[in-house]
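Visitor: Now for the letters of each chain:
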Amino acid sequence: MTTRYTKDHEWVRLDGDIATVGITQYAAEQLGDVVYAELPEPGRSFKQGDDMAVVESAKTASDVYAPVSGEIVEVNAEIKNENWQIINDGPEADGWFVKLKLADKTELDALMDEAAYADYVKGL
Amino acid sequence: MTEAGSLKTLPLDALWRARTSKFGDFAGYDMPLQFEGLIPEHNWTRAHAGLFDVSHMGPSFFALPKGHGLEGEAAHGKIAALIERLVPADIQGLKPGQVRYTMITNEEGGVLDDLMIARPAEAGAAGDLYVVVNAGCKHQDWALIEAATTGEADLVRADDRCLLALQGPSAHRVAAEVIDPALAEMNFMTVKRFAAFGRITVTRSGYTGEDGYEILVRAETAKDLAEALLAHPEVKPVGLGARDSLRLEAGLCLYGHDLDPATSPIEADLAWTIQKRRREARDFPGAKRILREYELGPARKRVGIRPNDRAPAREGVEIMKDGKTIGIVTSGGFSPTLNGPISMGYVEAAHAEPGHVVDLMIRGVPRPATVTPLPFVPHRYVRKK
Numbered sequence: 003m004t005t006r007y008t009k010d011h012e013w014v015r016l017d018g019d020i021a022t023v024g025i026t027q028y029a030a031e032q033l034g035d036v037v038y039a040e041l042p043e044p045g046r047s048f049k050q051g052d053d054m055a056v057v058e059s060a061k062t063a064s065d066v067y068a069p070v071s072g073e074i075v076e077v078n079a080e081i082k083n084e085n086w087q088i089i090n091d092g093p094e095a096d097g098w099f100v101k102l103k104l105a106d107k108t109e110l111d112a113l114m115d116e117a118a119y120a121d122y123v124k125g126l
Numbered sequence: 008m009t010e011a012g013s014l015k016t017l018p019l020d021a022l023w024r025a026r027t028s029k030f031g032d033f034a035g036y037d038m039p040l041q042f043e044g045l046i047p048e049h050n051w052t053r054a055h056a057g058l059f060d061v062s063h064m065g066p067s068f069f070a071l072p073k074g075h076g077l078e079g080e081a082a083h084g085k086i087a088a089l090i091e092r093l094v095p096a097d098i099q100g101l102k103p104g105q106v107r108y109t110m111i112t113n114e115e116g117g118v119l120d121d122l123m124i125a126r127p128a129e130a131g132a133a134g135d136l137y138v139v140v141n142a143g144c145k146h147q148d149w150a151l152i153e154a155a156t157t158g159e160a161d162l163v164r165a166d167d168r169c170l171l172a173l174q175g176p177s178a179h180r181v182a183a184e185v186i187d188p189a190l191a192e193m194n195f196m197t198v199k200r201f202a203a204f205g206r207i208t209v210t211r212s213g214y215t216g217e218d219g220y221e222i223l224v225r226a227e228t229a230k231d232l233a234e235a236l237l238a239h240p241e242v243k244p245v246g247l248g249a250r251d252s253l254r255l256e257a258g259l260c261l262y263g264h265d266l267d268p269a270t271s272p273i274e275a276d277l278a279w280t281i282q283k284r285r286r287e288a289r290d291f292p293g294a295k296r297i298l299r300e301y302e303l304g305p306a307r308k309r310v311g312i313r314p315n316d317r318a319p320a321r322e323g324v325e326i327m328k329d330g331k332t333i334g335i336v337t338s339g340g341f342s343p344t345l346n347g348p349i350s351m352g353y354v355e356a357a358h359a360e361p362g363h364v365v366d367l368m369i370r371g372v373p374r375p376a377t378v379t380p381l382p383f384v385p386h387r388y389v390r391k392k
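Chains as they are written, first to last, in the working numbering: chain D, 3 to 126; chain X, 8 to 392.
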């Protein structure tokens, strides 16, 4: 399983043709305690870079962009049930946002791998 | 890591940086925004005492020229009459040591800034006023005051000093232990000078809804004061982020957001800041509109709004009723005390009654919300007999 990262601090992990998407540890730390999140309905399709979800802390509201194109096949029920804490506790694990059925695998090539993302964050 | 660029840094910059604060630009100053986190800092201030550095603000002294030869009430009456050219509050009526919240208004009855004006308690300072304006407006405000009173009074900026706010239910105990027991005896909205940490000017006031103090201290002794306060187990540093959620819960206006040059004090529900003598004299900038709205009611009013679900409605969100726009959110976010979203905004007067249900247009979707009395969280100011 490969994990890729965007400049907007989303991660995407591929398992077959299903991509799990969330926000990175760095993004979660920058946000602080999440007080609200809005996920898309399953069945909706997004193009790479579209506004897909919203995550809000006391400080600010942030858009979460689709890191790859695809159709939503599942959303994190914990987040849907307003357990926002799960995002802060494990943004790159149990705090995932959605699963997408990937439309175009080659889109992943343009994203950063773990080492490149770590370098990118260091430079911020 | 931090690129200050042309930003001004606070005199206590190093002290805050050592506490791993997040910084950000506010009104041209590189300000501490956050320490351990907005929500814990907010909750700490409501339960104990938070220390805020608000040295970006505009403290100043407005005084009759040296050798004015007046004493007591005569001196105060003269300086107060000068500043009353710009503000609608009764400043002449201030007792020694009293502080008043007011606004600089324009000829159209809008608000150019909100500010605090204090009459010093000390007889030797008769003919002085202590005036604290907002960071983003200070150059404008001081220029306006000087232009309106040229040759009649002197304005001395004090924004090279530090202004520290100690806020919260423990503030009085901390202040008594660290600074002077007499601080605990002060009434809310009063001012006093103390010979401690150099020479400090203390108002019992703040902008969090809590009891507390704002302390003007020279930059050379500010570090000693800040460190002494931070050494107290009841005190933690708090950034501007939590200051915003605290003032929003307290229903207090943030200039440039909830108040602006087109908004009148009456629309802003601040009629209480215009005392009877001034209403009768009708002698302040914008009196015509302001008093018309005072007498007949404004077309729109500032209200509290609680979203019925969990989605915060932030500044700029449209307020709708039956598909028609009736207002706009001017401040909004998350209330740690209420553990839910809160907003403040302006709505047409017909919809301003608490309990009225409106829609908030959040990302294109109308979401029901309820007009709510302000403050969201009761004030806990200390007023003694």
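Hints listed in this document are in silico derivations from the structure and should not be mistaken for laboratory results. Positions of the beta carbon are idealized from the N, C-alpha and C atoms, including for glycine. Please note that a few of the clues may not be correct.
Unchecked claim - Listed below are several chain D residues computed to face chain X (Cβ distance under 8 Å; list not exhaustive):
id	residue
1	Glu-31
2	Gly-34
3	Asp-35
4	Val-37
5	Val-56
6	Glu-58
7	Ala-60
8	Lys-61
9	Ala-63
10	Tyr-67
11	Glu-84
Visitor: Each of the hints needs a verdict: does it hold here or not?
Guide: We went through each hint and held it up to the structure:
{"no.": "1", "hint": "Glu-31", "verdict": "10 Å, violated"}
{"no.": "2", "hint": "Gly-34", "verdict": "5 Å, holds"}
{"no.": "3", "hint": "Asp-35", "verdict": "5 Å, holds"}
{"no.": "4", "hint": "Val-37", "verdict": "4 Å, holds"}
{"no.": "5", "hint": "Val-56", "verdict": "7 Å, holds"}
{"no.": "6", "hint": "Glu-58", "verdict": "6 Å, holds"}
{"no.": "7", "hint": "Ala-60", "verdict": "4 Å, holds"}
{"no.": "8", "hint": "Lys-61", "verdict": "6 Å, holds"}
{"no.": "9", "hint": "Ala-63", "verdict": "6 Å, holds"}
{"no.": "10", "hint": "Tyr-67", "verdict": "14 Å, violated"}
{"no.": "11", "hint": "Glu-84", "verdict": "6 Å, holds"}
In this structure, the hints that do not hold are numbers 1, 10, in rising order.
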